[in-house]
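Each residue of the sequence shown is one higher than the one before, starting from 1 at the first, in the working numbering.
Hints in this document: simulated from the structure, not taken from any laboratory. Where is the CB? At the ideal position from N, CA and C, for every residue including glycine. Worth double-checking, as some hints may not be accurate.
Said to hold, decoys possible - Quick list of in silico lysine to aspartate or glutamate cross-link-like pairs, DMTMM-like style, CA-CA up to 20 angstroms: (1) K384 to D131; (2) K32 to E321; (3) K384 to D42; (4) K384 to E24; (5) K384 to E370; (6) K326 to E257; (7) K384 to E27.
What the hints assert, rightly or not - Simulated restraints on C-beta separations: (8) L20 to G421: 37 to 43 angstroms; (9) R415 to N198: 48 to 54 angstroms; (10) L14 to E194: 38 to 44 angstroms; (11) P95 to A66: 33 to 39 angstroms; (12) A286 to D42: 29 to 35 angstroms; (13) N198 to E296: 27 to 33 angstroms; (14) V29 to A66: 33 to 39 angstroms.
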Amino acid sequence: MSTGDLSALRARHLAPSLGLSYAEPLEIVRGKGAWLYDTRGDAYLDCVNNVCHVGHCHPAVVTAAAEQMGVLNTNTRYLHEHAVHLAERLAGLFPDPLNVCFFVCSGSEANELALRLARTATGRRDVAVVDGAYHGNTSSLIELSPYKFLGPGGGGRASHVHVVPTPDPFRSRVSGGGGADACDPEHVSAAAREAEPNGGLAAFFCESALGCAGQIVLPPGYLRSAFERARAAGALCVADEVQVGFGRVGSHFWGFETQGAVPDIVTLGKPMGNGHPLAAVITTPAVAAAFANGMEYFNTFGGNPVSCAVGLAVLDVIEGEGLQHKAGEVGSLLLGRLRSLAESAPLIGDVRGLGLFIGVELVRDRTTLEPAPREAARIVETMKRRGILLSTDGPLRNVIKIKPPLAFGIPEAERVIEELGSLLADA
């Protein structure tokens, strides 16, 4: 079947709300490491897939899944060593008292469960979130995601949701971007006061580095200070690590560690299963005990032996191949070279990142910070034709995001810089 025929068939049978990347969609049929291949065998360097964390089709992960699938796949109502061992290993990667694990199947499920935990433990309903945040695709989580409810098709802010400004150090330079005040964690206290007529805040949700808001690195200490204010109001603190966890930031295994913060609940997702639907919620014994109110929590597929075998294999590969260190090393090279490019490319307003979580914000004017979404989209399309897959993000769609599999190395980074530099020189 031709790619055109496949697109037509998809249009007939898949929902129109499901998007496709690029003006001419790719039909990808194979992946290996940091590379994807289409039906013609053309190779594309994957710079945006932060799901296949240790590389597409890593043999250790594939073997673990296949071997366990050939023996048994059941649920957590039976004892199985894979679930227990994975929970134990995850707990060992977190600071005390974060040592209780719930397994789920996606980041959305993880954040949905985190919301239930917080509401049950506090007896409250209201939630504070960061402007531009995206926490998942369920109805409850769309309500917690300004990126969605303030965007196309969104229904606006619900009365139980309180939005704090995006703590964006770059756009805080101009008053139109919210001003320096946007980076003040005191906004969390203001959100708590706003929630008082409804009984107070149950939780403050925050990504440890902001993804859909534009690949934003939080100001130093912001998360620690914001958590202090949330706790002072009686709320629980939720760190959403779905996009940034498992060593991506290089210097630490978890993004919240870069902020000197310790949350009450942590949500994990995308990279945890390297493409297999595996996610988790990590919390404290106190929160878990409050949730054990007589209603059983059961997830049909969460914590099944196949998924847990995959999760264990992913942790083995991260450790065995030194991928956290590699993310820091390659990310530092990329950030340095991108900042050098910016010196001669006025279209680049800001280069920011931690490890292999990188954003390049494009602007038409470095004084007014007028966003350049059309230019960003054009660069993404041109780079795709050159065999490099990028995408845009942020509420203004002017940030080029770079979040590749951690199999992405220095040769791949050099290729991106070479092509992007050539493209910007011609702009």
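Okay, the hints, checked on the actual structure:
no.: 1; hint: K384 to D131; in the structure: violated (30 angstroms)
no.: 2; hint: K32 to E321; in the structure: holds (16 angstroms)
no.: 3; hint: K384 to D42; in the structure: holds (11 angstroms)
no.: 4; hint: K384 to E24; in the structure: holds (10 angstroms)
no.: 5; hint: K384 to E370; in the structure: violated (25 angstroms)
no.: 6; hint: K326 to E257; in the structure: holds (18 angstroms)
no.: 7; hint: K384 to E27; in the structure: holds (13 angstroms)
no.: 8; hint: L20 to G421: 37 to 43 angstroms; in the structure: violated (28 angstroms)
no.: 9; hint: R415 to N198: 48 to 54 angstroms; in the structure: holds (52 angstroms)
no.: 10; hint: L14 to E194: 38 to 44 angstroms; in the structure: holds (40 angstroms)
no.: 11; hint: P95 to A66: 33 to 39 angstroms; in the structure: holds (35 angstroms)
no.: 12; hint: A286 to D42: 29 to 35 angstroms; in the structure: violated (53 angstroms)
no.: 13; hint: N198 to E296: 27 to 33 angstroms; in the structure: holds (29 angstroms)
no.: 14; hint: V29 to A66: 33 to 39 angstroms; in the structure: violated (19 angstroms)
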